[in-house]
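In my numbering, the protein residues as written are 136 to 682.
Hints were generated in silico from the structure; no laboratory data involved.
It is possible that some hints are incorrect.
Calculated cross-link-like contacts (lysine-lysine; reagent style DSBU-like; alpha-carbon spacing at most 30 Å) [to be verified]:
no.	residue 1	residue 2
1	363	140
2	362	317
3	363	213
4	198	411
5	151	270
6	198	478
7	271	226
8	226	560
9	226	342
10	596	584
11	596	488
12	213	270
13	214	363
14	488	472
15	541	596
16	316	303
17	472	536
18	554	472
19	433	226
20	420	503
21	595	628
22	560	523
23	226	595
24	306	294
25	226	628
26	411	271
27	433	497
28	340	554
29	536	214
30	420	362
31	433	600
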Amino acid sequence: MENLKMAELLFPEITKTPEYYEELYPARNLKEGAVVTRFAPSPTGFLHFGGLFASFVGRTAAKTTGGVFFLRIEDTDKKREIENGVSLIVKGLNDFGIEIDEGMLSETVEKGEYGPYTQSARRDIYRCFVKELVKKGMAYPCFMSEEELSQIRELQEEKKELPGVWGKYAKFRDITVEEAKKRIDAGEQYVVRLRSPGQEDKRVKFKDVIRGEIEMPENIIDVVLLKKDGIPTYHFAHVVDDHLMRTTHVVRGDEWVSSVPIHLQLFNVCGFKLPKFAHISPIMKEENGGKRKLSKRKDPEAAVSFYEEEGYPAGSVWEYLLTLANSNYEEWRRANKDVSPEKFPFSFSKMSKGGALFDLVKLNDISKGYIATLSADEVYDLLYDWSKANDDVLFARLQDKEYALKVLGVERGNAKPRKDIAKWKDVRDYTEYYFTAPTSYEFSVNISKDAVLEILENYKKVYTKDLTSEDWFPAVRDMAEELGYAKNPKLYKENPDAFMGHVGDVSTVIRIAITGRSNTPDLFWISTVLGYEETISRIDNAINFLK
RNA sequence: GGCCCGUUGGUCAAGCGGUUAAGACUCCGCCCUCUCACGGCGGCGACAAGGGUUCGAUUCCCUUACGGGUCACCA
136 MENLKMAELL FPEITKTPEY YEELYPARNL KEGAVVTRFA PSPTGFLHFG GLFASFVGRT
196 AAKTTGGVFF LRIEDTDKKR EIENGVSLIV KGLNDFGIEI DEGMLSETVE KGEYGPYTQS
256 ARRDIYRCFV KELVKKGMAY PCFMSEEELS QIRELQEEKK ELPGVWGKYA KFRDITVEEA
316 KKRIDAGEQY VVRLRSPGQE DKRVKFKDVI RGEIEMPENI IDVVLLKKDG IPTYHFAHVV
376 DDHLMRTTHV VRGDEWVSSV PIHLQLFNVC GFKLPKFAHI SPIMKEENGG KRKLSKRKDP
436 EAAVSFYEEE GYPAGSVWEY LLTLANSNYE EWRRANKDVS PEKFPFSFSK MSKGGALFDL
496 VKLNDISKGY IATLSADEVY DLLYDWSKAN DDVLFARLQD KEYALKVLGV ERGNAKPRKD
556 IAKWKDVRDY TEYYFTAPTS YEFSVNISKD AVLEILENYK KVYTKDLTSE DWFPAVRDMA
616 EELGYAKNPK LYKENPDAFM GHVGDVSTVI RIAITGRSNT PDLFWISTVL GYEETISRID
676 NAINFLK
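All chains should be built: construct the whole structure from the sequences, respecting the hints.
The structure is reproduced here in structure tokens:
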């Protein structure tokens, strides 16, 4: 009776019952084994790599099991919230192709039957469930002041006891309705706390799908359920939301494992079925020989916008994350070259328990491999979008699509495609010579100026309009031989004194004349892209430069 | 400090009582080759330390060290 009165005193405006919500959000009709999970960030800043990783894992788990992945915004802390926080997260997710089945699509728009997906819009739901707890005597109003709280904390530290409001320190546990009413009428503010049924010497066990069995002391703290502003804490909101949204797997960072005993207890007192937990280890960064968590403030690569700005395609980042999540992915990838990554049999239990160091070199390697599998058209489209926002010069160059496709198509699409582009930011420099003729040249010191001129003059005669790719190299080789160069490097090495050099030296001279560089892809194809006139004109430029 | 978790080559990692301790990235050779890239072959390089248990421990237990997380009316 007392409990019921207390509930009405605290929550007079709540008329709905938990049953109402249970019916409103029925069990999901999904096939056996389907994973329902979510990404539940606070809108406090840009999406960071750890968040992207967590949502990626959730997305992958849902996708590979025919489940649901949704985005819930945890905005119960108004103080830390920033403007456009939701948009920042949604954009970050979009940029990397993390698709959302349900939840927030923008600052105000959402989709799905289990909403609202923003916690601030769920106030009545939480209050309804807290009211129920009060009715059952499992929760109570607490009028302790901040000073009192820090006082008991000091005392507890002194006595080396568990800090927090528990047992004998929970002075409002048994407050009467009369007293509560008196204090409320007097304008006192209060929080609602759980009356923890935990016992000091008991332990709880749970199984994390990544980390396995974990055993910890049972929670005995009367945790805050509703803050003085009537808004729930993370702990309570998490329990109510994930129950009502029918989450099967709670995927989140491993900073949460230490509060699992609280969550376990909360699910229990509410009479909710327990979800499975998947606690992901953080991605680390090396610093001064040590490891530390990738930091939003200190590390540019912590912000997902870094990858967008550098021009790592979503597919590259996706594959990198997959190798980070399940290390057998690379092996699977090699065995299933043409299969979509979505078909990869993702497994929580294969995830690493320790934090992995973020490895940009590895990302580059994976990205090169990924970009090498793309067609010139695909590269063009991705590059077009990227340069539009990030590189005006490149963007202007891409306006001549026909030419750009030729440039991007050099040595692409064959059995051994080139792997030399890791990110779009590299492209401008990498393709520079297709768009601007070299203005200065550095020919090898081993070859005299006269010899260079001789090679170039002769090459103008050799390089004809109708030359094919099969004929090109033999023609260069013959020319080299005539001028006194060995027709292959081996011959030259065997008898260096007999030759002026070898065919490689000759083609390098030509290469530098045309591109200004000593290392480039196949010269014939470069010339083909440039066109006959341009090629000859560049040779002439080089000749004039030397004279 | 209490409570959790972790520690296999420079990095990411297989391994789950008996293995010459996989593989990938990096680095270094060689081959292919007109340069570069690709590709192929090969090499360098590891079970944090000490105790147990066991015929036998990288694998199981304990201790130590180191690293990480957490102990809010923040998530």
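Now the hints, each set against the structure:
Distance hint between residue 363 and residue 140 is fulfilled; the C-alpha atoms sit about 20 Å from each other, no more than 30 Å. Restraint check for residue 362 and residue 317: satisfied, since their Cα atoms lie roughly 20 Å apart, inside the 30 Å limit. Under the criterion of a C-alpha separation no larger than 30 Å, the hint pairing residue 363 with residue 213 is consistent with the structure, at around 13 Å. Taking the CA atoms of residue 198 and residue 411, the gap is near 17 Å; set against the 30 Å cutoff, the hint holds.
Taken as a hint, the residue 151 and residue 270 pair is honoured in the structure, with Cα atoms around 14 Å apart against an allowance of 30 Å. Using a Cα cut-off of 30 Å, the hinted pair residue 198 and residue 478 holds, with the two alpha carbons roughly 9 Å apart. The straight-line distance between the Cα atoms of residue 271 and residue 226 is roughly 43 Å, outside the 30 Å bound, and the hint therefore fails. Restraint check: the Cα-Cα separation between residue 226 and residue 560 comes to about 20 Å, which is no more than 30 Å; the hinted pair holds.
The straight-line distance between the Cα atoms of residue 226 and residue 342 is roughly 34 Å, outside the 30 Å bound, and the hint therefore fails. Proposed proximity of residue 596 and residue 584 is supported: the alpha carbons are some 19 Å apart, at most 30 Å. Using a Cα cut-off of 30 Å, the hinted pair residue 596 and residue 488 is violated, with the two alpha carbons roughly 65 Å apart. Distance restraint check for residue 213 and residue 270: the Cα-Cα separation of roughly 29 Å lies within the 30 Å cut-off, and the hinted pair is therefore satisfied.
Restraint check for residue 214 and residue 363: the C-alpha separation of about 14 Å stays at or below 30 Å, so the hint holds. A threshold of 30 Å between alpha carbons decides the hint, and for residue 488 with residue 472 the separation of about 28 Å falls inside it, so the pair holds. For a cut-off of 30 Å, the pair hint linking residue 541 to residue 596 stands: about 25 Å separates their Cα positions. Taken as a hint, the residue 316 and residue 303 pair is honoured in the structure, with Cα atoms around 23 Å apart against an allowance of 30 Å.
Among the hinted pairs, residue 472 with residue 536 is consistent with the structure: their alpha-carbon atoms are about 29 Å apart, no more than 30 Å. At roughly 16 Å between alpha-carbon atoms, residue 554 and residue 472 fall within 30 Å of each other, so this suggested pair holds. Using a Cα cut-off of 30 Å, the hinted pair residue 433 and residue 226 holds, with the two alpha carbons roughly 22 Å apart. A distance of roughly 22 Å separates the Cα atoms of residue 420 and residue 503; the hinted pair therefore holds under the 30 Å criterion.
Distance check on the hinted pair: residue 595 and residue 628 sit about 28 Å apart at the alpha-carbon level, within 30 Å; holds. Pair hint residue 560 plus residue 523 holds up; C-alpha atoms about 12 Å apart against a cutoff of 30 Å. Restraint check: the Cα-Cα separation between residue 226 and residue 595 comes to about 53 Å, which exceeds 30 Å; the hinted pair is violated. Taken as a hint, the residue 306 and residue 294 pair is honoured in the structure, with Cα atoms around 18 Å apart against an allowance of 30 Å.
Among the hinted pairs, residue 226 with residue 628 is inconsistent with the structure: their alpha-carbon atoms are about 58 Å apart, more than 30 Å. The straight-line distance between the Cα atoms of residue 411 and residue 271 is roughly 26 Å, inside the 30 Å bound, and the hint therefore holds. Between the alpha carbons of residue 433 and residue 497 the distance comes to roughly 21 Å, so the proposed pair stays at or under 30 Å and holds. Among the hinted pairs, residue 340 with residue 554 is inconsistent with the structure: their alpha-carbon atoms are about 49 Å apart, more than 30 Å.
Note on residue 536 and residue 214: the hinted pairing is violated, with a Cα-Cα distance of about 49 Å set against a maximum of 30 Å. Restraint check for residue 420 and residue 362: the C-alpha separation of about 35 Å exceeds 30 Å, so the hint is violated. Of the pairs offered as hints, the one joining residue 433 and residue 600 is violated, with about 56 Å between alpha carbons and a cut-off of 30 Å exceeded.
Of the numbered hints listed earlier, those contradicted by the structure are 7, 9, 11, 23, 25, 28, 29, 30 and 31.
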